[in-house]
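Asks: With chain A fixed as given, assemble chain B onto it according to the hints.
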Amino acid sequence: MGAYKELNISPVGRVEGDLDVKVYMEDGVVTRAHTQAAMFRGFEKIMAGKDPQSGLIVTPRICGICGGSHLYCASSALDTAWKTHLPSNALLLRAIGQATETIQSIPRWFYAIFATDMANKKFANKPLYQEVVKRFAAYVGTSFQRGVTASGRPVEVYALFGGQWPHSSYMVPGGVMCAPTLKDITRAHAIMNFFRNDWLESVWLGCSIERYLQIKSWDDLLAWVDENESQRNSDLGLLIRAGLEFGLDKFGQGVGKFMAYGTYLHKDLYQRPTVEGRQTAVISPGGFWDGERFFDLDHLQIEEHVSHSWYTDTPASHPWNEPLPTPLPSQNLENSDFNGKYSWSKSPRYMGHAAEVGPLARVIMNANPNNLEHQIQDPLFLDIMRVKGPSVFTRVLARMHEAPRLYEYINQWLSQVNLDGEFYVKPTERDGKGWGATEAARGALAHWIEVEDGIIKNYQVVAPTTWNVGPNDNEGKPGPIEAALEGTEIEDPHDPVEVGMVARSFDSCLVCTVHAHDAKSNEELARFKV
Amino acid sequence: MANVLWLQGGACSGNTMSFLNAEEPTVVELVTDFGINILWHPSIGLEIGHQVTDLLNDIVAGKVQLDILVFEGSIIQGPNGSGTMNYFSERPMKDWVKALSEVAGFVVAIGDCATWGGIPAVPPNPSESTGMQFLKKQKGGFLGEKYVSKGGLPVINIPGCPAHPDWVTQILVAIATGRIQDVLLDEYHRPKTFFTDFVQTGCPNAISFAQKVDGHFGKRGGCLFYEVGCRGPMTRASCNRILWNRTASKTRANHPCLGCTEPGFPHHDLVKGSVFKTMKYLGFLPKDVPTGTNKLAYYTRAGFEKVMGTAENIMGVNKEHFETSK
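Heads up: the sequence lines are chains A and B, in that order. Using our numbering, you'd call the opening residue of the first sequence number 1 and step up by one each time. Using our numbering, you'd call the opening residue of the second sequence number 531 and step up by one each time.
Isolated chain A, as found in the complex:
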């Protein structure tokens, strides 16, 4: 029997929101982990009984990082409930909003949240460490400032159509508020071009977008790194070389099942929005992958569990049938009973399974051989999953892989906006149920609404972080981050950077805190923010 320890980490920084993590270790390896979401605001309760369009104002403010994604869901939920008509222009401008928010998040997350951990002293004995510190160290790294500053560019495009980022409400049932002019479109192209020249191709790829998108397999990717000095020394080249050298591909596996709703409703395929018609209209495909097989996405397969969440017990149920949550007394991490309730997060399950959501889930769906002609077809990550499997490294690579393709789509959609066409068709308000979904930068996001007597009767939001960070379900099975922490080797329990890297690789939308405990003496060894 080896040394058994518990690690309490509170707060775990550089994620958004409040998350605490408790890990139990044996011989320096995590054997079990509990994640605790530590803050409650009750947005769903605030919306009940209010104007049906309240979600357009309220839900972007659930999360300042995913505000455009919440808006995409809130407007879609009303589109399906009110049976609106959506002009092509509106579908394009909504997709552009979603895509610019996501591409903004890619360099911002990589440099400000993730890569600073690669400059941790844990890796000081590795040959590439000096180069990593030179580029990725917080504030002073040569790429840090460039990446963080470049991340502001794409949302300038969002602001051209939405007025500002974060927190616009420009997507409304029936279309969008704006009616852009020629100069808005040309300026948007110019800003995106600046983003490409200033960071995406010059700093990140070291090659053209076209060249990068030719990569179809893990072997292709490795060959790409060694193809020339420019690619080898790009930030992506360095991430791949250092990531493998530092062993980031060796931990943070997770539950091995993935779910995506997909997003970017096609301009010609969703002018009559329905819940049933959504999945064939998305450009970035949705689905569920159990590690071997692909399944079509069906939102009715989703249920939320609350047996370990600080809410009154209710049976596992689909969001349309769920009551609004009634909060119960909570505890800090130190005093939480992990056999009972221990988080403000619920535990969503797909066909009864915990499922990882996020960029890795999306790029796996891109490799589904059954994708339709208008959908992304890209086999790369199914190959990487087969050769390398899931890990911190694979997750980071998936996140970054989306930038070049999104860049191409944003320009394509901008060029398709018809300045003589309609942007909004005034809808008729009516009662009913609706569902709106999207892929936020950090994963699958959906809103379920029920309007009765002209006011909101029920509003349920299931956020990507709820999927990833949720506690144990009714059967005691762990959530994806809890599972991903298991098996992680912690070199120094007083600076458990590995736990931080696992949590941050999911880009959790919570401020996470990890506590490390010696399991026998229960002495707290360390706590830190992820």
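Keep in mind that the hints are not guaranteed to be accurate.
To be verified - Here are the computed lysine-lysine pairs in the PhoX-like style, where the Cα-Cα straight-line distance is at most 20 Å: (1) A/Lys183 with B/Lys856; (2) B/Lys666 with B/Lys722; (3) B/Lys802 with A/Lys433; (4) A/Lys426 with B/Lys807; (5) A/Lys426 with B/Lys666; (6) A/Lys457 with B/Lys802; (7) A/Lys250 with A/Lys122.
Derived by calculation from the structure, the hints in this document are not laboratory data. Computed from a prediction, not measured in an experiment: that's the story for all the values here.
Replies: Below, chain B alone, put in the same frame as chain A:
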């Protein structure tokens, strides 16, 4: 050099995201060139766990000087005043805020949640949220009506949902460069330099407002005050003077101003008929009229303009001013 500690309560991180878009100066320049020393920040701080708790304890004990406490998000007091719906470093966040505000040189509340309670405080206010020194228009909030920081000022409120990054960085730079005496506060503790003019100042549709030309969603030109609830004429903020994301503002993108720098946002607490609709008496008289006008005087003047406009249309007066091209 100024030590800044930034904490989040009932927050969405939107003000942090907005802050990261700052241009003049950028966040990195604020640190490297303007002497702002960020002791810790939840999204970009490097310290973790114990290191954070130790830092907070050192600040409270006076071992580390805290020049500026920046707070984002509401103060969560639920349930029943305990604050346990928002733990941070093992304590209710509200207890940390109380202790830190007693040692801070200046306290800056950023965004509507920290200033007036914001969306979390909309009835039924499930988390018992309040602002730092106001709850909606009511002075008091969490720290109380009489609170002043060591530097002699009440909580400096930088409202907005979110606050514009330049409003935040400029106030931080003003404090760090010893210009705090130039920061004048209005009745809601907002720096007057940003919150004296109205959103309507600089709005390209101001002429349509004057001439009562209606705007609508998906249409170029026209004023959004009459039908879709724009609050530009009664909201003090510099959104149309200092643009958002370098490029735009809500009203420039045909998005009605939501009035988010005024206490009480979201106005009318989201009741049926208040979202993206101008609330009216008798079906045509706006319930909320521009700040500084008497309702009856406004209705009389507006009615005259409306009638004149209709008469001009009948007479075939050329109205090139209101035509906007693609």
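Asks: Starting from B/Lys666, check that the Cα of B/Lys722 is at most 20 Å away, please.
Replies: Holds, at about 19 Å.
Asks: Holds or violated: are the alpha carbons of A/Lys183 and B/Lys856 at most 20 Å from each other?
Replies: holds (8 Å)
Asks: Would the pair B/Lys802 and A/Lys433 pass a check requiring their Cα atoms to be no farther apart than 20 Å?
Replies: holds (18 Å)
Asks: Hinted pair, alpha-carbon criterion (20 Å max): A/Lys426, B/Lys807. Please report holds or violated.
Replies: holds (13 Å)
Asks: Hey, A/Lys457 versus B/Lys802, does the alpha-carbon distance stay inside 20 Å?
Replies: holds (12 Å)
Asks: Regarding the pair A/Lys250 and A/Lys122, is the alpha-carbon distance no greater than 20 Å?
Replies: Distance ~15 Å between A/Lys250 and A/Lys122 Cα, so the pair holds.
Asks: For A/Lys426 and B/Lys666, compute the direct alpha-carbon distance and say whether it is at most 20 Å.
Replies: violated (33 Å)
In summary, the one numbered hint that this structure violates is 5.
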